[in-house]
Amino acid sequence: MFKHLAASIRGVGHRTIEGIWQLGHATRFFLLVLLKSGTSFRRFGLVIRELYYVGVLSLIIIVVSGLFVGMVLGLQGYETLQKYGSESAVGTLVALSLVRELGPVVAALLFASRAGSAITAEIGLMKATEQLAAMGMMAVDPVARVVAPRFWAGVISMPFLAAIFSVMGVLGGYLVAVVFIGVDAGSFWSQMQSNVDFRIDILNGFIKSCFFGVAVTAIAVFEGYDSPPTAEGVSGATTRTVVTSSLVILGLDFILTAFMFRGI
Amino acid sequence: MTSETLVEISDLNFSYDARPILKGINMTMKRGQLIAIMGGSGSGKTTLLRLIGGEVMPTSGYAKVSGQIVHELDRDALFEIRRKMGMLFQFGALFTDLSVFDNVAFQMREHTDLPESMIRDLVLMKLHAVGLRGAHHLMPAELSGGMARRVALARSIALDPMLMMYDEPFTGLDPISLSVIGSLIRRMTDTLGMTSVIVTHDVQESLKIVDYVYFIADGVIAAHGTPAEVRNSVAPFVHQFVHGEVDGPVPFHYPAQSYHRDLNLEKALV
Ligand SMILES: Nc1ncnc2c1ncn2[C@@H]1O[C@H](COP(=O)(O)OP(=O)(O)OP(=O)(O)O)[C@@H](O)[C@H]1O
Ligand SMILES: [Mg+2]
Numbered sequence: 135m136f137k138h139l140a141a142s143i144r145g146v147g148h149r150t151i152e153g154i155w156q157l158g159h160a161t162r163f164f165l166l167v168l169l170k171s172g173t174s175f176r177r178f179g180l181v182i183r184e185l186y187y188v189g190v191l192s193l194i195i196i197v198v199s200g201l202f203v204g205m206v207l208g209l210q211g212y213e214t215l216q217k218y219g220s221e222s223a224v225g226t227l228v229a230l231s232l233v234r235e236l237g238p239v240v241a242a243l244l245f246a247s248r249a250g251s252a253i254t255a256e257i258g259l260m261k262a263t264e265q266l267a268a269m270g271m272m273a274v275d276p277v278a279r280v281v282a283p284r285f286w287a288g289v290i291s292m293p294f295l296a297a298i299f300s301v302m303g304v305l306g307g308y309l310v311a312v313v314f315i316g317v318d319a320g321s322f323w324s325q326m327q328s329n330v331d332f333r334i335d336i337l338n339g340f341i342k343s344c345f346f347g348v349a350v351t352a353i354a355v356f357e358g359y360d361s362p363p364t365a366e367g368v369s370g371a372t373t374r375t376v377v378t379s380s381l382v383i384l385g386l387d388f389i390l391t392a393f394m395f396r397g398i
Numbered sequence: 055m056t057s058e059t060l061v062e063i064s065d066l067n068f069s070y071d072a073r074p075i076l077k078g079i080n081m082t083m084k085r086g087q088l089i090a091i092m093g094g095s096g097s098g099k100t101t102l103l104r105l106i107g108g109e110v111m112p113t114s115g116y117a118k119v120s121g122q123i124v125h126e127l128d129r130d131a132l133f134e135i136r137r138k139m140g141m142l143f144q145f146g147a148l149f150t151d152l153s154v155f156d157n158v159a160f161q162m163r164e165h166t167d168l169p170e171s172m173i174r175d176l177v178l179m180k181l182h183a184v185g186l187r188g189a190h191h192l193m194p195a196e197l198s199g200g201m202a203r204r205v206a207l208a209r210s211i212a213l214d215p216m217l218m219m220y221d222e223p224f225t226g227l228d229p230i231s232l233s234v235i236g237s238l239i240r241r242m243t244d245t246l247g248m249t250s251v252i253v254t255h256d257v258q259e260s261l262k263i264v265d266y267v268y269f270i271a272d273g274v275i276a277a278h279g280t281p282a283e284v285r286n287s288v289a290p291f292v293h294q295f296v297h298g299e300v301d302g303p304v305p306f307h308y309p310a311q312s313y314h315r316d317l318n319l320e321k322a323l324v
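From first to last, the protein sequence lines are chains U and P.
Position 180 of the first sequence, counting from 1, maps to 314 under the numbering used here, and the rest follow consecutively.
Position 196 of the second sequence, counting from 1, maps to 250 under the numbering used here, and the rest follow consecutively.
In isolation and in its complexed conformation, chain U is listed as follows (with noise of 0.2 Å):
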């Protein structure tokens, strides 16, 4: 009895300890490409191809999932509000979800599943097959030629991607709201006009979705890098990439509520 909880009192021990080593391990290898960025911005090339698969690929899923979310948002943005006979406030509610929380929050979460696994997927199979080893006996450094270009691809896109949820919802809420229910147009969009404020909302947004940015790259980038290089391996760190980067999307979610929207 007493044995059986040394035991797992132990495990927990060690779990704590493997997992604050990881992180360090983790935050090296976060450096390493910043330190290693150089030649990403001096062959932009490099980068712009990288935007091609993690950025442009992922822009169906955003257009789409964006439409949805909005034109539910309307639905239940519009029945909440008719009770209070404020049905024209539709539209500030709508643009002020989206553009504080859904927008960057969502398009982040469909961004770790769609763009984060297949940098993990691409870079873990590069390194089980051997190309990463290959690369560097032709003296090219991986980490300055693989990883960087998609840590920046994947940095720059984000923000992009979360604007184009957030257009997108809002549209989805327009055609909701204004064609089906038919709520008047032009209540609908000077309300939304005069309550988003371009610095507290949109401003906020922006940086959230850039922060979401660096953290599901640099997630997907060393999950990729440290995966073991066998099939179960970069499965693994597939799964990991998007579990990982859902969490710390959420909880870096909250922190920075707190600090941008109680702060001022």
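Don't read these hints as lab results, they were simulated from the structure.
None of the hints are false.
Okay, derived cross-link-like pairs now, DMTMM-like style, lysine to aspartate or glutamate, Cα gap no bigger than 25 Å in a straight line:
id	chain 1	residue 1	chain 2	residue 2
1	P	Lys138	U	Glu264
2	P	Lys138	P	Glu109
3	P	Lys262	P	Glu283
4	U	Lys170	P	Glu109
5	U	Lys170	P	Asp151
6	U	Lys170	P	Asp167
7	P	Lys118	P	Asp214
8	P	Lys138	U	Asp275
9	U	Lys170	P	Glu164
10	P	Lys84	P	Glu222
11	U	Lys170	P	Asp128
12	P	Lys138	P	Glu164
13	P	Lys262	P	Asp228
14	U	Lys170	P	Glu134
15	U	Lys170	P	Glu126
16	U	Lys217	U	Asp318
17	U	Lys170	P	Asp130
18	U	Lys170	U	Glu264
19	P	Lys84	P	Asp265
20	U	Lys170	P	Asp156
21	P	Lys118	U	Asp275
22	P	Lys84	P	Glu134
According to the in silico footprint, chain P covers these stretches of chain U (three or more CB under 8 Å from chain P):
id	segment
23	256-269
24	273-283
Just so it is clear, the structure is predicted and the values come from calculations on it, not from any experiment.
Yeah, the Cβ is synthetic: ideal placement off N, Cα and C, and Gly gets one too.
Starting from the known structure of chain U, fit chain P with the ligands onto it as the hints suggest.
Relative to chain U, chain P with the ligands alone:
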């Protein structure tokens, strides 16, 4: 052909975790020499190439390439010296996101300022040498195993390195490509004055082209000599290897407990 030493390996030891893989290896390789390293599967041949390339660190001893101890170099110096080395990986390791052409052009684009038109000519020449000029537009996934290895070979010789390491260049090749590739390796070694190391199981083909042979077994050099010495050797080890006999000093099995015990036959036998 000069007889200057390019690679010097001295009392090199290496172990994975606690398992010793190489135990006190000594070799010298001269410029313009073509050297074969043979040995059973799992005897540490790939590991030896990795040590020369500085990919792994020896536990003791050293490998020197053009007078520099590889594992003591800092990163920049290591990369500097790797520019003069080429390595054909055992499994090809082609970049799967680049076409055959771009794979071969990779090092030229990374390390030189050659204009694209010249790179094009060079790449097509390298591909022509391995018989795959017509396949330059394919992606690695569209190649057969043997074709992929030939592309990998073309890629590894892209910058005419002074030290070329081939990890089993002959596996997966048909007899025709095999002898073409064999004589290509020989010719490059002679015309460019490079040092070539081939790890191979293909005893007959390699004895035709190489200058010197090392046999590795149990982490040590079990035998070495020129092809003529090897062919005429009466040492049981060499004889077994050259003639591909199952019985002899080279074990076919990875070390294990008794076969009977593994199959739970111990009791049944007593
Ligand atoms: N990453 C690794 N971790 C632990 N052990 C390894 C690792 N890579 C190789 N080994 C072990 O080292 C030994 C030598 O491996 P190596 O790849 O050098 O063999 P090899 O002579 O090239 O064999 P083959 O002819 O089959 O390619 C093997 O017994 C293998 O089990
Ligand atoms: Mg090998």
